[in-house]
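**Q** Listed here are the chains, written in short residue letters.
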Amino acid sequence: MTSELRSLYQEIILDHNKSPRNFRKLSDANRTVVGYNPLCGDHYTLYVRTEDDIIKDIGFQGSGCAISKASASVMTTIVKGKTHAEAEKLFEMFHKLVTGELSGAIDAEELGKLAAFSGVSEFPARVKCASLVWHTLSNALQEKSETVTTE
Amino acid sequence: MGTVTHAHGSVAVGTGFDPESVRRDFPILKRRVRGNPLVYLDNAATTQKPQPVIDALVQYYASQNANVHRGIHHLSEIATQAYEDVRAKVQRFINAASVREIVFVRGATEAINLVASSFGHAYLNAGDEVVITGMEHHSNIVPWQLACQRRGAHLIVVPITDSGEVVVEEYERRLSPRTKIAALTHVSNALGTVNPVKEMVRLAHQKGIPVLVDGAQAMPHLRVDVRELGCDFYVFSGHKMFGPTGIGVLYGKEEILSAMPPYQGGGDMIKSVSFERTIYHDLPYRFEAGTPNIADGIAYGAALDYLTRLDWQVVANYERALLLYATNAVSTVPGLRIIGTATEKAGVVSFVLDGIHPHDIGTILDQEGIAIRTGHHCAQPVMDRFGIPATARASFAFYNTQEEADRLVIGIQKVVEVFK
Ligand SMILES: Cc1ncc(COP(=O)(O)O)c(C=O)c1O
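Line by line, the protein sequences give chains B and H.
Quick note: the first sequence uses numbering that gives the first Met the number 0, first residue 0, plus one each step.
Quick note: the second sequence uses numbering that gives the first Met the number 0, first residue 0, plus one each step.
These are calculated hints, taken from the structure and not from any lab test.
No experiment lies behind these values; they were computed from the predicted model shown.
All residues carry an ideal CB built from backbone N, CA and C; glycine is no exception.
Warning: the hint list may mix true and false statements.
[What the hints assert, rightly or not] Some, not all, of what chain B presents toward chain H, calculated at C-beta under 10 Å:
#, residue
1, GLY40
2, ILE66
3, PHE90
4, THR146
[As the list claims (entries may be wrong)] Estimated spans, in silico, between C-beta atoms of each pair:
#, chain 1, residue 1, chain 2, residue 2, range
5, B, GLN9, H, ALA87, 52 to 62 Å
6, H, HIS137, B, PRO123, 20 to 30 Å
7, B, GLN9, H, LYS29, 26 to 36 Å
8, H, VAL32, B, PRO37, 48 to 58 Å
9, B, GLU3, H, LYS29, 53 to 63 Å
10, H, ALA61, B, ALA124, 29 to 39 Å
11, H, VAL32, B, GLY99, 32 to 42 Å
12, H, LYS206, B, GLY99, 34 to 44 Å
13, B, ASN29, H, HIS137, 29 to 39 Å
14, B, ASN29, H, GLN144, 48 to 58 Å
15, B, PRO123, H, GLY334, 24 to 34 Å
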């Protein structure tokens, strides 16, 4: 494998692709939003239960490429228990990470598992795969439209 | 490195065609991508251009550039002559009866929009039907949907089988007294299926129904004789047959074209204009409003010349052998399923891998310098038909080689390795 490939398909990503976490429907979700990329067919439904501005529980279902699925899985593990504002801030940081705009010292602790997606910035065509579910979450939290499409 | 485990003889030797004899004419094929020699297997999206096409573009701008059909000065005469010569080349290339039947457009998409709009305006009424197949490219679906919406007509879709073929009887059953036109792809871009369009045209004509054939994917692989096919319209894009982007052809039988209203209005498509009354130009200019794509049109002529010089029978045999070779070779990969297994196919191997999304396949192959396309290929109904979101598609041209097919297989094996 080339080093670019290895940095894109890191172990964490392959693992979350194979065994996605929180891969389930929430029966008590109060926000349900679909994320869809018609160009490549990535299609996920995100279920969120929020209470007093806190993401109490989150799950997702659907299918797509390894990057989009791992991103969804990692995201659910990270934002659970976070406030809306914290989740939005993580999204902002994640977006900068995958577009290669994260300048200066990267706070490894803050990034946590998200750091596994740093390789995406070398693959401009895959940025949308990585960020699809984050856009979807953002819409869910802002109670915007029920379908997010990126292409 | 993986290995290709099946036995293989040389495709080239078996057919008497040496792909190296054409590869040297395509400068881009010499380049490297990400450190590897380019393996270009995205020919259904667009083909590469031989040197004479590239030269013609440069030469036109360097020494001939002028507007056509309007100047009396020397350059305009040269440009007009060169541009109209290409029309005559197209006419001969597809054996049309007259240059009046050759309308220059941007590509297959614009040609279909022209017919759907103009023919639709003239002949489609509420309750009428337009028949298409379940394997059309979006460009042979959406223009008809638009025309049907405008006129209150209905789009009737002929289903396709699990192998990706049209059952001719199913098609025939859907041709009704309300059918005003049938629009059928000659070769499917997503599946590679070659449809029996000659027979399908005959069946429609028995019921007095005109037929448009989308030849975008047929022209790079088959020698097409529109009078032999008998179709009323035949459309194609220059860029998919080794010519430049931005130029394509609508062939239409003269008697049917001459009865159709103009599509766009403007300069070049008129004889005289006053505020009270405009007299439209004769065919084909009536359908060519505005300054055309002169440079690409002229360079397209160089592509036609190039194709004319090839021994087409030999090329066709080689392409058939290469497609068979590639199909068998990729089929050896465990978990790989080919989408589109029609008996008659051209140029395309579309496939999915168990548990691996086509997008990931595309990214990993790209790292190896192998260009394929992944996605729905502008044929979402085809994907829906097979219950998949997307496929990976390797599409071949006569300049592709057996070695490239082998590299594709090795690349796919690497993909499997990554996701093991
Ligand atoms: C079967 C078919 N029809 C029509 C088209 C549209 O061609 P263009 O985009 O050049 O207008 C394509 C291009 O992919 C095609 O494959």
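**Q** A separate judgement is required for each hint: does it hold in the structure or not?
**A** Going down the list of hints, with the structure as the test:
1. GLY40: holds, 3 Å
2. ILE66: With a closest approach of 7 Å, the ILE66 (chain B) hint holds.
3. PHE90: Violated - the Cβ of PHE90 (chain B) stays beyond 10 Å from chain H, reaching only about 22 Å at its closest.
4. THR146: violated, 16 Å
5. B:GLN9 <-> H:ALA87: 52 to 62 Å: holds, 59 Å
6. H:HIS137 <-> B:PRO123: 20 to 30 Å: holds, 24 Å
7. B:GLN9 <-> H:LYS29: 26 to 36 Å: Given about 34 Å between the Cβ atoms, the range holds.
8. H:VAL32 <-> B:PRO37: 48 to 58 Å: With a Cβ separation near 27 Å, VAL32 (chain H) and PRO37 (chain B) fall outside 48 to 58 Å, so the hint is violated.
9. B:GLU3 <-> H:LYS29: 53 to 63 Å: violated, 23 Å
10. H:ALA61 <-> B:ALA124: 29 to 39 Å: Given about 36 Å between the Cβ atoms, the range holds.
11. H:VAL32 <-> B:GLY99: 32 to 42 Å: violated, 21 Å
12. H:LYS206 <-> B:GLY99: 34 to 44 Å: violated, 60 Å
13. B:ASN29 <-> H:HIS137: 29 to 39 Å: holds, 37 Å
14. B:ASN29 <-> H:GLN144: 48 to 58 Å: violated, 38 Å
15. B:PRO123 <-> H:GLY334: 24 to 34 Å: holds, 29 Å
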